[in-house]
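Make the complex out of the two chains shown on their own, each in a separate frame, by following the hints.
Going down the list, the sequences are from chains U and Y. So in our numbering, spot 74 of the first sequence is number 60, and the numbers just go up one at a time. Just add 280 to the spot in the second sequence (first one is 1) and you have our numbering.
In case anyone wonders, no lab produced these hints; they're calculated from the structure. Glycine included, C-beta positions come from ideal geometry on N, C-alpha and C. Mixed in with the good hints there might be a few duds.
Unchecked claim - Only part of the chain U face toward chain Y is listed, based on derived beta-carbon distances under 10 Å: (1) GLN(-5); (2) GLY(-4); (3) GLU0; (4) THR36; (5) LYS39; (6) PHE44; (7) ASN92; (8) GLN97; (9) ASP99; (10) VAL103; (11) PHE138; (12) HIS156; (13) GLU158.
Here are the chains, one letter per residue:
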Amino acid sequence: MKIGVLAMQGAFREHIASLAALGVEGVEIRRERQLEGIDGLIIPGGESTTIGKLMVDFNLLEPIRELAAAGMPLFGTCAGMVLLARDIIGSDQPRLGLMHVSVQRNAFGRQVDSFEVDLEIPVLGEEPFHAVFIRAPYLERVEPPAESLATFMGKTVMARQGNLLATAFHPELTNDLRVHRYFLEMIK
Amino acid sequence: MATEKGTWTVKKGLAEMLKGGVIMDVTTPEQAKIAEEAGACAVMALERVPADIRAAGGVARMADPTVILRIMDAVTIPVMAKARIGHFVEAQILEALGVDYIDESEVLTPADEEFHINKHEFKVPFVCGARNLGEALRRIGEGAAMIRTKGEPGTGNVVEAVRHMRRVMSEIRRLQNLPDEELMTFAKEIQAPYELVKQVKELGRLPVVNFAAGGIATPADAALMMQLGADGIFVGSGIFKSSDPMKRARAIVAATTHFREPEVLAEVSKDLGEAMPGLDIATIRQEERMQERGW
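Isolated chain Y (complex conformation) (with noise of 0.2 Å):
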């Protein structure tokens, strides 16, 4: 029986078999195995979270893999790990890692600031983050086979996530509203393939997993991204920058599957203790501001 790896659909099936979770950034096999007993879907290996990267400046690179390597020693959930937007030597590291999905992000200073990792040309997936549909449409068409807000990384403030959920989500709903003969002007304003934008028009959703990320940091913070649409959750800073990482994982997990529900969000947003300081967006200048990081 001759088996293929590396398929499209085994790329795009492990996000699927991700959604409903949340996928929380770690930095030691403890915070991992924190993650994972708080019912995380996965972790993201980093060697610093996106406030520490925030408050440190300079350029922010790939983990060392040692890091990587035991965070995915220390736990039986997928383990993820960030590379910088176009720098394909890091992606091919972190493959030969054996990690589970590449995040192509713009928390870590990118190594090309024109063009994007040709994603296709590996066997482990990518996750992109977006802004708005033709740039999530722009980073499908390179191979991602998964799709994120971008928010503003490493701020606790949820703001930017919600406000680049609701774009793409209003320029789906746009889409669908198109004649057929409109679309390849829509492409065109939109700067994304036009193969896509029909394939978008025709499912009324991204043909892949898209998922809430930069700034989340409570139970209700990712229960209002899962109401706006979003298929699942990333969190950042949000828990191990919070007085009890432990109670926070399991509420935001909680939050998320239980989304419509607020009387279970009333319950698990109880005592959780301080959350992670936040920032205002307006304090951060825009040529500091992350997600202005990718093209």
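Okay, chain U solo, but in the shape it has when bound (with noise of 0.2 Å):
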């Protein structure tokens, strides 16, 4: 199994470092010749302004929504969050746009707001997933297909819909493996 991390700005190191520790290889993602071959896509945390623009500016978009249309896996953090929504509020920013929720940017407000806690994620069980959130997002409305895996303060802050998954916050920042363990499932 082979899995791509999109790595035109963001989190990519920490994503190839996680799948690492599960045993599985990770490539990096810059150009469109680069998705053949691979199993399943992380859009990794950073700016999502950032890497939607230069997903445009050297035409990823439509590859990728190709490929998931065909029932690839993909998976999305923070900013992949944000990629993945169909609505941003409040922003026109080229975007995947794949998933039926909403998603509000910077929810939670400033750096100076970023946090950390313990989060029920019931599809990984019983024990709480320490989650890092940082200027993170959260989804305003959830639609059918889509469904929330978790919330917080009432917000949704994990979702799935068929081959998507999406987080608002960060697992490949922590040692905890079960979120990427959670979506190297759904590709098997």
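Following this line, the structure appears as structure tokens:
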């Protein structure tokens, strides 16, 4: 199994390390031709406006939409969640726009409000997941076929829609590999 | 559910999210919007860019909070601002304004010629400049969650940033080859905390993100610094002192992502207009070199 990690900008190194810890090869994706032969794609945290513009300039939006339509699993963290959303509140920035959700950027405030919390995520089991939120978004609305997998302060911070997975927090910044493992199981 | 704010993980984490990106100096909300539109991953809110600070002379201080707040209102990307070295009250003010990162910067006139800010005391993260591994680890020891080269700001001349990046990288390589019993003496020689020296040996890199800054003016400069091992790029005067800021900013963003692809670099380097006028470092008197500030 080979997982692509979109490497336009952001925390791609950490995702590749998390994959390596699970014995899975992660490859950096910057150009369309590099999408060939991957079994899944992670869109990391970073600045969603930066990543989106580079995806437009280097023609990655449409090829990735096609792979997703063909059933390839995608996993977006933070900026990746923003890029997966169909509706970004108050913004017309470029996006993949695949999940039937409405996302609020920087929803918890600026960096001084960034936080860590133990989060209940039923699909990962009973033990809470230590989640790191950095200028994080949340989902204001989640419509079928998208479903909420975890909430914090009444807002969805993890969601799935078939082969698409999104978290507002950064599982790649902790040693708990359960979210990555959950994503890899979507591929098998 | 109990939340924890201002932890080392979230401070260092924001810098991780900026990796592979370009942070641009801006002095107005209009410039900030151009930077965001061009794909900057953050902006540095200033009253004057380093080239103008250098030209103006006198004492350079933290920007007027009004300037910073207007820039924070104009964009959705993170906004950084500079405090003078050692001026912890300027830092307190910047934290109260809600800026996302503070640069304790040699571009401003130092407020303390002996001590830097105790950055552990703050919830907001700090970035600091360094010319070598010892300086980088002293700043991290004081709580910096991100490091950048100093270069020589406001010159449009990349030579000093190259010198500082090569120096840090070669010291890390040397450290990796040392047996453990030599680490304490190495720490003493480079005047760095022993625990951090040990950590660098294990990681093979700094324990925080390391950007390039100081004199970067072209897409080729940005890609050069990335190939030398930088995690991302600060561009100060290089964008808004050039003839076509939007085009140059976009080109530097693309070059920072595709730094290993010469054909992309060739494409984005075309027709950029005039770069900022450059300065030969040898023409700047030793006491006027900003990189000499910091201890």
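Verification of the hints:
1. Annotation: interface hint on GLN(-5) (chain U) holds; nearest CB of chain Y at approximately 4 Å, less than 10 Å.
2. For GLY(-4) (chain U), the shortest C-beta to C-beta distance to chain Y is roughly 6 Å, which falls under 10 Å, so the interface hint holds.
3. With its C-beta approaching chain Y no nearer than about 6 Å, GLU0 (chain U) sits inside the 10 Å limit, and its interface hint holds.
4. Checking THR36 (chain U) against chain Y: minimum C-beta separation of about 5 Å stays under 10 Å; hint holds.
5. Here the hint on LYS39 (chain U) is kept, as its CB sits about 4 Å from the closest CB of chain Y, short of 10 Å.
6. Below 10 Å, beta-carbon pairs count as interface contacts, and PHE44 (chain U) has one with chain Y at about 8 Å; its hint therefore holds.
7. Hint status for ASN92 (chain U) relative to chain Y: holds, with the closest Cβ pair at about 6 Å, below 10 Å.
8. Nearest Cβ of chain Y to the Cβ of GLN97 (chain U): about 4 Å, under the 10 Å cut. The hint holds.
9. Taken as an interface hint, ASP99 (chain U) checks out: its beta carbon lies about 6 Å from the nearest beta carbon of chain Y, inside 10 Å.
10. The restraint placing VAL103 (chain U) at the interface with chain Y holds, with a minimum CB-CB distance near 5 Å, inside the 10 Å limit.
11. Using the Cβ-Cβ criterion of 10 Å, the hint placing PHE138 (chain U) at the interface with chain Y is satisfied: the shortest such distance is roughly 7 Å.
12. The criterion of a C-beta within 10 Å of any C-beta in chain Y is met by HIS156 (chain U), whose closest approach is roughly 6 Å, and the hint holds.
13. The interface hint given for GLU158 (chain U) is met, as the beta carbon of that residue sits about 9 Å from the closest beta carbon of chain Y, less than 10 Å.
Comparing the model with each earlier hint shows no violations; every hint is respected.
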